[in-house]
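Line by line, the protein sequences give chains A and B.
Going letter by letter, the first sequence gives residues 1 to 331 in this note's numbering.
Going letter by letter, the second sequence gives residues 1001 to 1488 in this note's numbering.
I should point out that these hints are in silico values taken from the structure, not numbers from a laboratory.
Keep in mind that the hints are not guaranteed to be accurate.
[Stated by the list, open to error] In the DSBU-like style, the derived pairs of lysine-lysine whose C-alpha atoms are separated by at most 30 Å in a straight line are:
hint, chain 1, residue 1, chain 2, residue 2
1, B, K1314, A, K314
2, A, K140, B, K1251
3, B, K1280, A, K307
4, B, K1078, A, K119
5, B, K1315, A, K314
6, A, K140, A, K221
7, B, K1192, A, K150
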Amino acid sequence: MLARVANNLFWMGRYIERSEHLARYLNVNYFSSLDAPNELSQSRQFVLRSIMFMASNEIIDAKIKLKEEDILFNVGLNTEKPYSIIHTFNSAYENARSARDLISTELFESINRINHSIKNYSPEAFVKNGLYDFTTMITKSTAEIRSKIKGTLLHDETYAIIMLGIYLERSLQVTRIINAKCSDAAVEKIKYETIDDGSHQWSTLLKCVFSYDMMRRFYKKTPNKNTTLEFLILNPDCPRSIKNSLGQIKKYIRIISKHQKVTNNSAAFLIGKLQSEFEYKLIEDIEENIEDFISDLINKLVVIGAKLEDNYFKIAETPIIENVKVLKQNQ
Amino acid sequence: MKKTIKLPLFSSYEFDSKFYDELFSKNKEVRDIYKTLFKLFSQYSVKEFNALNDRAKESFFNLGITFQVYGENSVQEKIFPFDLFPRIIEHKEWDTIEKGVLQRSKALNHFLWDLYHDQKIIKQGIVPLDLISSSENFISQMKGVDPPEGIYNHISGTDLIKHSDGNYYVLEDNIRCPSGVSYVIGNRTAVKHALFGVFNKYNTHRVVDYGANLLEIMESVKPKGVDNPVCVIITPGVYNSAYYEHSFLAKQMGIDLVEGRDLFVENDFVYKRTIYGPTKVDVIYRRIDDLFIDPLVFRADSLLGVPNLFSAYKKGNVCLVNAPGTGVADDKAIYTYMPEIIKYYLDEDAILSNVHTYHCSREKELSYVLENVDKLVVKPVDESGGYGISIGNKLTKEEIQKVKDTVKANPRKYIAQPIMSLSTHPTYIEETQSFEPRHVDLRTFTLLGKDKEYVLKGGLSRVALRKGNLVVNSSQGGGSKDTWVLKS
Chain A
1 MLARVANNLF WMGRYIERSE HLARYLNVNY FSSLDAPNEL SQSRQFVLRS IMFMASNEII
61 DAKIKLKEED ILFNVGLNTE KPYSIIHTFN SAYENARSAR DLISTELFES INRINHSIKN
121 YSPEAFVKNG LYDFTTMITK STAEIRSKIK GTLLHDETYA IIMLGIYLER SLQVTRIINA
181 KCSDAAVEKI KYETIDDGSH QWSTLLKCVF SYDMMRRFYK KTPNKNTTLE FLILNPDCPR
241 SIKNSLGQIK KYIRIISKHQ KVTNNSAAFL IGKLQSEFEY KLIEDIEENI EDFISDLINK
301 LVVIGAKLED NYFKIAETPI IENVKVLKQN Q
Chain B
1001 MKKTIKLPLF SSYEFDSKFY DELFSKNKEV RDIYKTLFKL FSQYSVKEFN ALNDRAKESF
1061 FNLGITFQVY GENSVQEKIF PFDLFPRIIE HKEWDTIEKG VLQRSKALNH FLWDLYHDQK
1121 IIKQGIVPLD LISSSENFIS QMKGVDPPEG IYNHISGTDL IKHSDGNYYV LEDNIRCPSG
1181 VSYVIGNRTA VKHALFGVFN KYNTHRVVDY GANLLEIMES VKPKGVDNPV CVIITPGVYN
1241 SAYYEHSFLA KQMGIDLVEG RDLFVENDFV YKRTIYGPTK VDVIYRRIDD LFIDPLVFRA
1301 DSLLGVPNLF SAYKKGNVCL VNAPGTGVAD DKAIYTYMPE IIKYYLDEDA ILSNVHTYHC
1361 SREKELSYVL ENVDKLVVKP VDESGGYGIS IGNKLTKEEI QKVKDTVKAN PRKYIAQPIM
1421 SLSTHPTYIE ETQSFEPRHV DLRTFTLLGK DKEYVLKGGL SRVALRKGNL VVNSSQGGGS
1481 KDTWVLKS
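Bound conformation, chain A alone (with noise of 0.2 Å):
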């Protein structure tokens, strides 16, 4: 396969599964806060604040009043700012348009249609009343996509890297969502200091990654910081939590390198790293220091998708050209 598509696919991968994160945050996000247990967590100033926190890394100033329009539109369909969703599911498709020759017909017509639904999707609905169909949308979308992914493509080296991308992204949304539903819960903490550990937090934060029913299975306790932790980080049985990424991580990199060496410092050897490491690591072993974890973990696996670049997508440094656009074949 040709290195640049398979950058291509890589980045498809990762955007779409990105553009599912945000599209779930920012839903589960709001719409929890309109019925949460005290004033701060129902304020719109703070569940803005932890959108923004989550969607651009930003962390606002607290003096700066937040308009809600303002927020909802940046993160769900301004084109301009590059952590938007519809900017996000826009590189999806692009990256899948460069790679339409080794993809079925039936995904990238999907990726297509849904592209378009997102264009055209009218602001003004969307910041008025369309918060909840909008993210939604994207949602049943982007399963849609990794069933036609799952269901249409040849098992192969093309599908592990599109896996590779989906699940590499998976581990560093969840890492962010976890750090920033860690940090609200911090802030409430400060706040109320006689309320449990925030209940309402570990909760949200379950359904921001689709993953609370399955914890209450398994768990049948009302969730609390520990045990939401653990699901989410080392549960190896979620599919969304960080262990069960790591594991998938690691079968797709085998299939692309079966066929070399691996070498101290190549992405499969810091994916295979990384992934022992968390083989035999317990809760305990966290929840002391979280947030050290969490930027360490981040740290990690921005590392390992640098050497997947530098190992497997390097292509010879050409300038795009704009004329390259006006180019017209004739005949």
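Position chain B relative to chain A; hints supplied.
Structure of chain B alone, referenced to chain A:
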């Protein structure tokens, strides 16, 4: 002109006896071959047909069979206009077309070999030297180069029209990078979905085998010493207007669609950059114009091509499909010599007729052209895509004078032909919600390889959507139709 048909979908169908109408005979009866199809269309109400038409368009849009229009701030995605009323060609009629286009493609291949080698046809005075020496498309670097298996024009697109006398004439040959074949297949899919009830009443040749045949042709012209050739298509990239076609063909053939930056040349061999390192490439179907394929030999500012590609080609280590320099032979001035070229190389008479052509480079003919601009189509010899064409009877006095001045300034650059009466075909016009006759042509696709030749049994019927317009190119607002070639 008068209306005769009372059916809702044909309420605006106006007959014009000057043209050959493919659906109705001179006495306004539906031709036999179209009777079953016409019966189906006559059953639809306008509402039903609009719904059918909208669904077909939506499917093109969802499948991304589109091209991009670049505005000042935004990019718009559009589908190529497509008409659901298919054109039907009878077996016997097709037989002549097929033999005729194959004959032309073969003759052109001989001609190209000769032009880049001994130039016997020029030495014997059959084709004048100045036509070649003055052609911008003659690539001197190709002199003496032997393309693998001696094939230059692996892929030819021949444009034909049906004149008011009911005969087909060749309008032009396209042997650089003829495009449009993906729409032939896309149109067929759309028509099958929309008209399934009638499709099976016609015994039509399939068109989906084009990709498999193209791959066989490509593999047949592999460089010497290669057993299992690695074939690729090279595209200028996603912004190119024909990108859909490039990706479609790559997918059909299961081969890589590469850009210039995916390839490199080392020791005169071509490699693609894969996730596991370099893999040698043997045959390249290039959808990049001659001047862009190698910045070291042709345009130095080209970022689309591959440095040293031409050198690898000259050494015979890679095959380019089509060969560089084919443009010299599909020049509209060379076109006029096609009957002589066919006779010279194949010792046969041309099966398909040419449209009579006046060379402005010849003094006598130039003066005829200048006096009769209003009755002629004047075309630049080396443009394609319908650019620079003037159609005499549509011009104002000032415009006629302008054409005269342009031609006088550079007579070699222009030819003129009588205004041909392209046949008309029922085409759905959304504004009037009715079928109306519109002019159509036909592009056929011919493949030549080592011991293999193939003509796609079908083609792209291109239709001029504006009333009375004779230019069918998609770049000039043309649409297209599915074309059914019937089995015997």
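Going through the hints against the structure:
1. K1314(B) - K314(A): 29 Å, holds
2. K140(A) - K1251(B): 28 Å, holds
3. K1280(B) - K307(A): 26 Å, holds
4. K1078(B) - K119(A): Distance of about 14 Å is within 30 Å: holds.
5. K1315(B) - K314(A): Satisfied, since the Cα-Cα distance of roughly 29 Å is no more than 30 Å.
6. K140(A) - K221(A): 29 Å, holds
7. K1192(B) - K150(A): 28 Å, holds
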